[in-house]
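Student: Sequence:
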Amino acid sequence: MAFQEFINSGISPSIKTSFSNVSISNTKRTPRKVNWRLRAQVLIRDNCICQMCGASPSKNPNVQLHADHIKPWSRGGETVIENLRTLCLKCNIGKSDLHEGD
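Under our numbering, read the sequence shown as residues 4 to 105, first letter to last.
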């Protein structure tokens, strides 16, 4: 009978309050490295064209494309498709760790 009462009572107030001080900031960040699958999705989305200068391996076979963080990972940017863009090696190295709007 006690078990049935426990089930019917729902979550006890003491259990609810014990988690009130848990912070979302304790969650893990995405890894800095862009995995091959996410990199391919970014390149396909951007048509394999550098989003800064327009360079493309289809125009120049020496162009190397990177999946770059728009908001740098070192400044809290996550490794998600919405925060990634295609840049050529030259543009990626040239921009360093700047963030749009800096």
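Treat the hints as calculated values from the structure; they're not laboratory data.
It is possible that part of the hints are untrue.
[Stated by the list, open to error] Think about it this way: if two alpha-carbon atoms lie no more than 30 angstroms apart in a straight line, the pair counts; the simulated DSS-like pairs of lysine-lysine are:
#1 Lys-98 to Lys-74
#2 Lys-74 to Lys-62
#3 Lys-62 to Lys-31
If you're wondering where the values come from, they're calculated on a predicted model, not measured in any experiment.
Student: Now look at each hint and say whether the structure bears it out.
Tutor: How the hints compare with the structure:
| no. | hint | verdict |
| --- | --- | --- |
| 1 | Lys-98 to Lys-74 | holds (12 angstroms) |
| 2 | Lys-74 to Lys-62 | holds (28 angstroms) |
| 3 | Lys-62 to Lys-31 | violated (40 angstroms) |
Of the numbered hints stated above, the single one contradicted by the structure is hint 3.
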